[in-house]
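Asker: Each chain, written out:
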Amino acid sequence: MSTIKELARDVKGSMGIFDGKDESLYGVLAEFRHPGALLEAARSVREAGFKRFDVHSPFPIHGMDRAMGLGNSLVGWLTVGGGIAGMALGVWLQWWTSAVDYPINISGKPFFAIEPSIPVIFELTILLAALSTVIGMFALNGLPRPYNPLFYSDRFRKVTDDGFFLHIAASDRRFDLESTQKLLRDLGATHIETIRDSGTADAEA
Amino acid sequence: MSNPVRSSNPLVWLFDPLQPTGAQAEHAFRPVGGPMGWLIPLGIGVAALAMTLVGWVTSPQQFYFSWLVAWVFSLSVTIGGLFFVLIQHLTRARWSVVVRRIPEALIWSFPLLAILGIPVVFGMHDLYHWTHHELIDPASPEFDPVLAGKAAYLNVPFFLGRLVFYFLVWSYLAFRLYTLSVRQDVDGDPEITVKLRRTSAWGIAVTAITTAFAAFDLLMSLDPHWFSTIFGVYFFGGSFGAVMAFMIFTARLFQRRGMLRQTISTEHYQDLGKLMFGFVVFWAYIAFSQYMLIWYGNLPEETVWYRHRLEHGWEYNSAALLALHFVFPFVVLISRWAKRLLPLLTFMAVFMLVMHWFDLHWIAMPVLHEHAAFHLLDFSALVGIGGVWLGLVYFRLSRHGLVPQRDPRLGMSLGFMNS
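For the protein sequence lines, the chains are D and Y, in the order given.
If you're matching positions, the first sequence starts at 1 in our numbering and goes up one per residue.
If you're matching positions, the second sequence starts at 1 in our numbering and goes up one per residue.
Heads up, some of the hints might be wrong.
Unchecked claim - Chain Y stretches covered by chain D per the calculated footprint, using a threshold of three residues with CB under 8 Å from any CB of chain D: (1) 285-292; (2) 295-307.
To be verified - A short, non-exhaustive set of chain Y residues, derived as facing chain D with CB atoms under 10 Å: (3) S335; (4) R336; (5) M417.
None of these hints come from the bench; they were simulated from the model.
Positions of the beta carbon are idealized from the N, C-alpha and C atoms, including for glycine.
Please model the complete structure; the sequences and the hints are all you need to start from.
Answerer: Right under this line is the structure:
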């Protein structure tokens, strides 16, 4: 049971949904002055061995993927899966409708031929590939997600304007409230808050 | 306004209209390695051309067809290069500045190709069935009402006039795009970037129309009963993919010879690879669009073109075209890592150039041979025209900076990253 729970935590963690360690502690949120500092902090936090952390900024930051140690997105595999499914559906649809269910002789052409079927097969391939890409992208990002304990922090509202934040989840194996806060302070965080899932945020510095 | 780059003397003008400026280039962009880089392909080309000319005497009709395929091959890659440069200026592309000099040097091949096209004019009677006068003479037993109906367009004076017009337009555009860019290397005038963009605005429209009609004239009219309105797009798709392959191959070759090593990075190759992959797909999309409509319409004067290419051994060429011009490169190039693995990408670039020639051979040669065949002259003409053409592209590259070094967007190109 506990391994399944742990697996579910890992999967959710990969989507950026971090379960709290216990009811009271969700993680620490640190604010940095500018994108460069955030990039450096993300690199250092990864090098310190943290796995469950995320960064939040008003705009995409170049090189952040590498700094955070994010690999290639898995969404490409979902695209391939959707594409193959769409292709199979297209072949079946063309064959079944025109050669099995309702065969009509049109100027002596074969009931099922590959030439006129390709547009349908192609379009269904693209349609399902595109849909699985979009849906897969949302799923892998853990979206839509209307609730996030980080919203308890008033300061976090700046993230849509001029705030650059790094959040380390309490569920990370290396997480320890004191040492994690110290690490973030050493990395140059201007403000550090402890986020509690109960609905409060304590400013520490 | 004084021009800081002097014109070269009239003998060299055809090969490079500008005096060398390579010595003024920054160290990292300076051509090195001596003249062997262009003398070797040029020498091989001249030798192969001499061999090919023997074929003019022994089997003239084969010679004309082989020559046409090889000449259109070089011409199509050059046209692809013209499109590439025009698009970069129009979109104010940043990523491509470090690789732009390669197609810029490529496009001044148009005057040379105009000269190399002379045998096609001499061979028109053998190449183009519609030039036979008895076909449009109502009194003749050979009278062909279809070709008589097309005679207003398919007649020798208009055909030659169109070819001259295409080459004048392409050469003028190439002259502006090439010489202005080299001039900017020296005087750094930012106005030149604006001028190049203005030229590209009308240039791309004119190039699109002339390319389509050149494809109709040079290749489609080989089988004058047949017609396909998408044929020009098909020709463009193959050409643009081929010029991507040409740029990847040339950039790698120059890097192996010790140039541009710190300039063109895996990021640029990945983008060139993306475009090559994209045009593998685009070519297949257009090829299929052409085939499917003709299959559906099932009109004899249209289907006969595919009929020729699906019997007497040509069916293997058609299958090879589908498998090797689309399926194989599609599977290989779709992954990100494949476009960043430079030995693999370079192999695919050379492979796609070979397949582009194979495609043109497949279009032209069934008109001459009922049974599928390759002739020695096909290869000697390709090596001959291709070698001379390539050698002179590399000759131009050896005389100027290898990068438009004072382009305002060069910095962004040097630092370009794929996210």
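Asker: Which hints, by number, does the structure contradict?
Answerer: Hints that this structure does not satisfy do not exist here, as all of them hold.
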